[in-house]
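A.B. asks: Please arrange chain R on chain B, whose structure you already have, making use of the hints.
Below, each chain spelled out in residue letters.
2 protein chains.
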Amino acid sequence: MKTQDCGALRAAHDSTATTLSGWVSRRRDHGGIIFIDLRDRSGYVQIVLNPEHTAERLRSEWCVEVTGTVRLRPEGSENPALPTGEVEVMVEGLTVLNPSLTPPFYITDDVDADESLRLRYRYLDLRRPKMQDNLRLRHQTVKYIRDYLDGHGFLEIETPILIKSTPEGARDYLVPSRTHPGNFYALPQSPQQLKQLLMVSGVERYFQIARCFRDEDLRADRQPEFTQLDLEMSFVEEEDVLGLIEGLYAGLVRELTPQFKIKTPFQRLPYADAMARFGSDKPDLRYGLEMADVSDLAAETEFRVFRGILDRGGIIKAMAVPGKGGLTGADMRRMEDTAKEFGAAGMSHVRLTGDGALDSLTDDDALLSPGLRMPVEWVRRLAERAEAQRGDLILLMAGPARLANQWLAAMRSHLAAQMELADPAMLSFAFVTDFPLFQWDDATERWDSAHHPFTAPAPGCEAMLDGEDLASIPSRAYDLVCNGSELASGSIRIHQRELQEKIFSILGYSAEQISERFGHILEAFDYGAPPHGGIAPGIDRLVAMLAGADSLREVIAFPKTQSGSDLLFGAPSGVDAGQLRDLAIRIVE
Amino acid sequence: MKTQDCGALRAAHDSTATTLSGWVSRRRDHGGIIFIDLRDRSGYVQIVLNPEHTAERLRSEWCVEVTGTVRLRPEGSENPALPTGEVEVMVEGLTVLNPSLTPPFYITDDVDADESLRLRYRYLDLRRPKMQDNLRLRHQTVKYIRDYLDGHGFLEIETPILIKSTPEGARDYLVPSRTHPGNFYALPQSPQQLKQLLMVSGVERYFQIARCFRDEDLRADRQPEFTQLDLEMSFVEEEDVLGLIEGLYAGLVRELTPQFKIKTPFQRLPYADAMARFGSDKPDLRYGLEMADVSDLAAETEFRVFRGILDRGGIIKAMAVPGKGGLTGADMRRMEDTAKEFGAAGMSHVRLTGDGALDSLTDDDALLSPGLRMPVEWVRRLAERAEAQRGDLILLMAGPARLANQWLAAMRSHLAAQMELADPAMLSFAFVTDFPLFQWDDATERWDSAHHPFTAPAPGCEAMLDGEDLASIPSRAYDLVCNGSELASGSIRIHQRELQEKIFSILGYSAEQISERFGHILEAFDYGAPPHGGIAPGIDRLVAMLAGADSLREVIAFPKTQSGSDLLFGAPSGVDAGQLRDLAIRIVE
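Going line by line, the protein sequences match chains B and R. Count the first sequence with our numbering and you get residues 1 to 589, in order. Count the second sequence with our numbering and you get residues 1 to 589, in order.
The following block holds chain B by itself, in its conformation from the complex (with noise of 0.2 Å):
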């Protein structure tokens, strides 16, 4: 039903037959002769058609077949903005092979539906080239990854679906089992446990574009099914599996969005001094804004704040942001009320005005948030540290050392938006490692892993554990991150029981619960598992950065709100009892 796609046709078809096959997008009638954009997935292309083709009751979204011969458009009606644009098809046959009610919005690229309606009707939003591009792109983007480990000797190995419950992290999405009454299965949040024991089955380079289940509330861009790359090897250390990630990485973007800028290699940052230098593990590197820790000269002052803050075991933070010393005093607590907006109690500041070096610094020349009343060498030291010039300001952040980080942090997103330092056409990618083993919870007032329970020790730091200090054991996990977001998660595992045990003893776990849900990794550990490591980078937030879109949803086919609903097939949704019967459940009112 087509010999031809629309969008290849070019001057080189000149007077040749085509059978085109597509929907009636734009329609245009001229003195009775009508010009149509018939567009498939390739794109589009101007049909000419007399009106005995019946073409008056052509409609847009139509779906038509048709017979003609090609030509060059006449001098001066080419259309240099479309591939297809120096050519027309002139129509000698015409089938319709499906009619269209008319679209509840416009299928074009700034169609501004609501989002809603879109996801209703997402079989005709898909229809837009964007959103035809965007799968395109996932498709390569998935290709690619497939092909890269290929070459690098990974198995893609399909792990179940259907699996035990281990609630551990995340709520488990459960399946009632309709042949053991009473028993569930659980939807993975991930095949972590499956991949491990891979690598006890001696496979050594297993992968999985791996579709994983969270239970959780859903925030603003997540997804209660999302994919993948689900990775890990055997006989390897950090850089072994670091290294793999930069080349594929590096090799895609390079391929398939060759659009962007990338710096190779990958800059490794240690997650201290990622916490130092940016407030946080996922810092977007495109520009400056770098921190310091000033509590030693937030100490020398009487300002109660920072006293108060400096005696309750917190620190004082300085974000030099460069040319911004000549904001006003109300520019000041705008940018303060936005701090508040973050969480901050209130932000401090230090304003340099003037030019020329530092030495030259007058009283004058400083402007200090009220309260805070310093000599000028205090600002000039204080600048030193902050890497601030004349001209700059300084922002200080007090509170503790978690929050004050968070804040700040906050602050040098917002910055950098408003005064458009990154570079929007830069990817620059990073590994935060060294992450610390445990972090404490103070919600649950218990030990949690940072990364996960089978994330390993850093070597030789075994004995910690038991001791008092375990915020400080550092871990063999690492992230992907990539201008403000974390791309991917992995670590060097545990393979030796006795340690994995002394872990989730940690964690709080009882023998008893370490049993049932740990049990058969444990004993799998137990026959000569090998030390292995992986890590698993979310495909839907990649295809949506080299895609450019704002949302996951754009880059899935089928997305659900953030309420969990499919909008299209109205799921969840009620069932039949018998159904419920079969499985031994009851809804409770």
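Worth flagging that the hints you see were computed from the coordinates, not collected in a lab. Every value quoted in this text rests on a predicted model; they were computed, and no experiment measured them. It cannot be assumed that every hint is accurate.
Intra- or inter-copy, both count: the list cannot distinguish identical chains.
Unchecked claim - DSBU-like cross-link-like pairs, simulated, lysine-lysine; straight-line CA separation at most 35 Å: (1) Lys263 <-> Lys2; (2) Lys340 <-> Lys143; (3) Lys2 <-> Lys502; (4) Lys130 <-> Lys263; (5) Lys340 <-> Lys502; (6) Lys282 <-> Lys2; (7) Lys130 <-> Lys2; (8) Lys143 <-> Lys2; (9) Lys261 <-> Lys502; (10) Lys130 <-> Lys340.
C.D. replies: Chain R alone, transformed into the frame defined by chain B:
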């Protein structure tokens, strides 16, 4: 931790240094020198240790790293059965990476451990070279499929696993929604509706290696979750799909498993012919044993069995078995017992003895079943119809058409196996086409779709939908079969709302059910849905066939038992009361 794979070492590596990591397989002790077959996923190599390497401690399945020097084995001690058999590695350094308990079964291909033990310790079972080969073949098969379809302009698109329950065909697996209490998602039995919606979306060429789920009572070789290549194309007719699939399978076998013989082009066999000649819609075409309807000849006899069957609308079918005319009466009674095991009430026969042309046949040369008394002239006509020669056996099966075919087809398979007629090195692919649209279901007393309700009737037959003779309506469905198995099933689909609604109503759905279950796809058809069709080849069975495996479980990394249990993880299992409370469901005791 390894510079080379064990299985990669050759004579060319003589005198080079190597670092290997792997598992201790076999060990032999020759006068204090210890020889170990070290195994990794690539194969085995012999390593030689002196006692100072504490080799006396090493036991089966310990995971070790060794450094050493490759050398040629002493003359006379080479092992030609092993690819690395010309060399051995003189070990200089040994690190035990992880010791192992004694495995519950030997890690060799001739393991005779009980399958449930193998599944319980799947991570050890997968260490066997044959299982590693199966995993590799599966990876290569799926890779080949993806590359082929990418090369043919297909996009791989992921469709959701959490969808709406539209019970139709098998039972759905359900997933309770926490955010919409009392509502459920279902796991897809196949992405049928989703892929059709992708055609409405203008994708034109879609595929996916898709996980599918059916909550059925599992037959011998079914899995609750299985993998299919799901594929759909727009603007196509039957031959477009079949040609694509033929190229895929032929290329795949020639590239990955050239030990198999195949013939192209694949035979196209109309359903009616397949049933007439082989009594089956998935015949094994590696051998003859064809059938013929001899109801008219049977009607000439006085034999009460035949008369009774014919009076009730049944048929009599004949099948010649070459060279078996000399079987004894006792042999024939045993063969009749076999037919009874397949469900037949009985089976008649004619044995043609002697040599020479049929013309020379005498009454003495034709041995007929007791009760079947007919002159030699009738026997000669029967033999001609059945294409039997002197020296052959003719089996006669009487019954309702469906059952007579089923029983005689079972005898055909049985005899072919017994007589070793099927060349195990031959893959005999064929497309069975022109399936009927409907079949009558005696159990539910309703018309059922022979393929599925989205299958289009043959062009020009739409008017028959308003008639009485629904069983005679031909459809646009087709199967790919090979060596007696169905490998794929597909059809050209309906793309018009009115026709689709008529089919649903013939199938007995009420207007309300149609709207509730299929409203979204019917509505999509209203917006210029293109003509489209597709196919869904099973991946598990294909790989099992290529691997020469008896069971699908041999080519699935973590399969479930027939009762749907995962013996390694212990799924399905009980869950916390809190999990059920979150989901607002309760178990019915």
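A.B. asks: Now tell me, hint by hint, if it's right for this structure.
C.D. replies: These are the hints, each one checked on the structure:
no., hint, verdict
1, Lys263 <-> Lys2, "between (44 Å within a copy, 30 Å between copies)"
2, Lys340 <-> Lys143, "neither (45 Å within a copy, 53 Å between copies)"
3, Lys2 <-> Lys502, "between (65 Å within a copy, 29 Å between copies)"
4, Lys130 <-> Lys263, "within (28 Å within a copy, 44 Å between copies)"
5, Lys340 <-> Lys502, "neither (42 Å within a copy, 63 Å between copies)"
6, Lys282 <-> Lys2, "between (49 Å within a copy, 33 Å between copies)"
7, Lys130 <-> Lys2, "within (23 Å within a copy, 46 Å between copies)"
8, Lys143 <-> Lys2, "both (27 Å within a copy, 29 Å between copies)"
9, Lys261 <-> Lys502, "neither (45 Å within a copy, 56 Å between copies)"
10, Lys130 <-> Lys340, "neither (38 Å within a copy, 63 Å between copies)"
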